[in-house]
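For the protein sequence lines, the chains are A and B, in the order given.
Count the first sequence with this note's numbering and you get residues 1 to 751, in order.
Count the second sequence with this note's numbering and you get residues 1001 to 1152, in order.
Mixed in with the good hints there might be a few duds.
Cross-link-like lysine-lysine pairs, in silico, BS3-like; alpha carbons within 27 angstroms at most [stated by the list, open to error]:
no.: 1; chain 1: A; residue 1: Lys91; chain 2: A; residue 2: Lys186
no.: 2; chain 1: A; residue 1: Lys543; chain 2: A; residue 2: Lys558
no.: 3; chain 1: B; residue 1: Lys1152; chain 2: A; residue 2: Lys186
no.: 4; chain 1: A; residue 1: Lys100; chain 2: A; residue 2: Lys315
no.: 5; chain 1: B; residue 1: Lys1113; chain 2: A; residue 2: Lys210
no.: 6; chain 1: A; residue 1: Lys100; chain 2: A; residue 2: Lys253
no.: 7; chain 1: A; residue 1: Lys677; chain 2: A; residue 2: Lys315
no.: 8; chain 1: A; residue 1: Lys196; chain 2: B; residue 2: Lys1145
no.: 9; chain 1: B; residue 1: Lys1113; chain 2: B; residue 2: Lys1152
Below, a sample of chain A positions facing chain B; criterion: calculated Cβ distance under 7 angstroms [to be verified]:
no.: 10; residue: Glu451
no.: 11; residue: Ile663
no.: 12; residue: Arg693
no.: 13; residue: Ala750
To give a feel for the contact side, a few chain A residues facing chain B, derived at Cβ under 8 angstroms [stated by the list, open to error]:
no.: 14; residue: Pro199
no.: 15; residue: Asn204
no.: 16; residue: Gly402
These are calculated hints, taken from the structure and not from any lab test.
As the structure is a prediction and not an experimental result, all values here were calculated from the model.
The C-beta atom is built at its ideal place from N, Cα and C for all residues, glycine as well.
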Amino acid sequence: MTTIVNMSRRGVVKGIAGMTGLVLGFHVGSRILPFAAAATPTTFVPNVYLAIDETGLVTIVAHRSEMGTGIRTGLPMVLADELEADWTRVKVIQAQGDAKYGDQNTDGSRSVRQFYQPMRVAGASARQMLEAAAAHMWGVTVNDCRARNHMVVHVPTGRQVAFGDVAKVAATLEVPPDDRLELRFKPASERRYVGKPIPIVDLNDIVRGKAIYGIDVVLPGLKYASIERCPVYGGTISTFDATESLKVPGVEKVVAIPAAAIPSGFNPLGGIAVIASNTWAAQQGRERLKITWDFGANASHDSDAYRAQLEATAKQSGRVVRNQGSVDSALASAARRVSADYFVPYYAHAPMEVPTATANVAANKCEIWAPTQFPQGARATVAAVLGLPLDDVTVNVTLLGGGFGRKSKPDYVAEAAVLSRLVGAPVKVTWTREDEIRHDYYHAICAQHLEAGLAADGRATSWLHRTVFPAIESTFQPNITYGSSGELQQGVTDMPYAIENVRCENGPAAGQVRIGWYRSVYNIPHAFAVCSFADELAHAAGKDPVEYLRELLGQPRKLDFAAMHVDYPNYGASLDAYPVDTGRLRGVLDLVARNSEWGRPLPPRQGRGVAVHRSFLTYVAAIVHVAVGDDGQVAIPRIDVALDCGLVVNPDRVRAQFEGAAIMGISNALYSNISIKQGRIEQSNFSDYQVARTDITPQTHIHIVESSAPPGGVGEPGVPPIAPAICNAIFAATGRRIRALPVDPAALKAT
Amino acid sequence: MMVTLRLNGTRRSVDADPQTPLLWAIRDIVGLTGTKFGCGIGACGACTVHMDGQAVRSCTTTLADAEGHDVVTIEGLSPDGAHPVQRAWEAHNVPQCGYCQPGQIMQAAALLKQTPHPTDQDIVAAMAGNICRCGTYLRIQAAIKSAAEAEK
């Protein structure tokens, strides 16, 4: 039982305009409200996430950002369910960036994990307060009153009162009869919404073109900005001439944004901004700028040379990050040794909505409207860049046209704020697609070297894994060359196979572009290498890859990180609640193998590949069926994915996330690649930065393990196993082993 | 300069350089924001509108190109959001982030107008220019088939 404490006796409500009602305090945050409605004494506002007005309208605050996962629907479903609200009478509104809501940084696939319980508490406590108010109204004992579907019922008599009518009473009650309330959660069997495929709240607006994204924000007197930034990260302006730009009809001003010192973190890259009466005029003016740059220290960055350097580093011993047994002697005495090197390039996020933000700086306050995954971070960055106190910066969060990690970095928000102050008017900054591709926080390029020793019967007895990549922290701090434990946990230190001798190492690499989180992050290269290498071992051992994976996973067990000398952050979750459980990996492997026609014969140049990987506390296995043309082109007739994410809030949105993750995994495996010459990104737009289109779309089958385990992540875990499963399937189809992404069709031509 | 359009059935005069892309004229000058910017080079389909019933990329169509033609945006596809394609999109819960979906819907509606009963190949050919980074392609394909069925 969670105990919640009524805070209203302690003066906490002082300062809340018009608040006379029941106010419960609990660990989910303070009680200062965003609702205009909260000012009316007839609205019941029991916590920061909820208000019920006298008409019975239930307003729920979504405090996490909606970028396509369905979280703006999912968490309110949890609250509404515990509240016994009628979903058709629930309105969802979006929170501003404010610490009172708790963590709002929508990344790391952790919204449901972190807020499932707070939403239940918020709903259950409010429900019990409505029941108490009804008991007060009727002069009956509260234990006889039960909320049911937007009513409170007096069970012995069947008398009912609507939520709106009882909310009005709850709002005017001075103090509840007791200052402590034992929370009663609904049993799973009585859930109305959790576990049901509820459509997202924005569905109808989206299909009518009415949904408002960051790029759609319009304010009176709005100016439109387009910014030319140095093509090399860290470069600065030497001179510029805006004469021709200012001749473009609609162009009003040209201003410089100072460049932040590198590593630039969340700060603006700097550049020359053209301010105009519409986006097109700003872009036209920008094309006519004459700028000479000092390209700075990264002007020699060449991704081919950098790759060679990472690969050379991966051949040498690195910093040991996991160690069990004696890998060197076991490798030396193995009946057979296998080694392989893997490579994954830089990727750009390419959300369909480019980075964009609108700012209005007036009277030394700043109001922002932005598609941001990280509203509190945006607020703090804007406050720092403008030199304003946090309280004078307001961040309104719009819908996001995709995020994938890009929009957790608020550099583009700070650009709008700086420009609005310089121009003295509201300003919308909209990046071009070329800006987005060329000035991203790139997914880290990564080289890896793996070695294993096999016994005579094919059993793996030793495992050596070295990974080398620029760390995300290199975007924020100078002289960072090694990965963090949080990066190395993503498929390196949590290698789940039951192998006696294991050593994992991390070699140094300096960052030369901005590196950032990209959906599933370092799990992408690490799962690619580990799951590909497991397949290589299966073939070396002459065994069926699924059967061999079962052997590798071994008896169900929970990884003992202390015994392996591993600092394992476990995505910020406790290992007691969320152990790394190889039994659950085995479970998803068996589930996908049963449902995917694994083992059924295929025509020539077709094959199936398997991969299994845990990330963000969720267990995923994929089996991919490929057909490789004589020209080397890869088609993907079918993908099966099995997942165990613990408790499922919205099964349709979980399916959708894994369907979409399969497509993003295909993009990573077959198409996407950022390359750099002289510090300049070679790609520019969807013409040369390729992503999956509808023609590659496989028949995709998502198999969900029914579970009441604590909820794990959903947004990201579907991505990592896809690329290795594709490449393992290509090996089954052609006998050619892909060890570098993206797949080069020229290497797969029929001979 | 004034350019005259028929936009969603209404005559509109737009005061802009005739070389302005229809996309930015619709969004920034007329103020209809359902049509989205994605790439600016006709490579992603987010900005798809109808011109005389055909799907066109409004980012590479100028105001001058559109002058005198019937232009329909997502806001004008149906009075109430009940076009068969919109209904099918809702029935299949197609959108994730939803940003590309107005363009996808306009492309699909043009396909079904021209080819009321498309084959799988017809659907792939018509939709291959529309990128969805969330990866909703499977449901888009299914929704188009449903919309075609509903019209039989």
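Checked hints:
1. Lys91(A) to Lys186(A): OK: Lys91(A) and Lys186(A) at ~22 angstroms, within 27 angstroms.
2. Lys543(A) to Lys558(A): Since the Cα atoms of Lys543(A) and Lys558(A) sit roughly 26 angstroms apart, the hinted pair holds (cutoff 27 angstroms).
3. Lys1152(B) to Lys186(A): With Cα atoms ~46 angstroms apart, Lys1152(B) and Lys186(A) exceed 27 angstroms; violated.
4. Lys100(A) to Lys315(A): 49 angstroms, violated
5. Lys1113(B) to Lys210(A): 23 angstroms, holds
6. Lys100(A) to Lys253(A): 39 angstroms, violated
7. Lys677(A) to Lys315(A): It holds: about 24 angstroms lies between the C-alpha atoms, which stays within 27 angstroms.
8. Lys196(A) to Lys1145(B): Holds, because 25 angstroms separates the two Cα atoms, which is no more than 27 angstroms.
9. Lys1113(B) to Lys1152(B): 13 angstroms, holds
10. Glu451: With Cβ-Cβ at 35 angstroms, over 7 angstroms, it is violated.
11. Ile663: 3 angstroms, holds
12. Arg693: 5 angstroms, holds
13. Ala750: Result: violated, 24 angstroms to nearest chain B Cβ.
14. Pro199: Holds - the Cβ of Pro199(A) comes within 8 angstroms of chain B, reaching about 6 angstroms at its closest.
15. Asn204: 6 angstroms, holds
16. Gly402: 5 angstroms, holds
Figure legend: structure checked against the earlier numbered hints; hints not met, in rising order: 3, 4, 6, 10 and 13.
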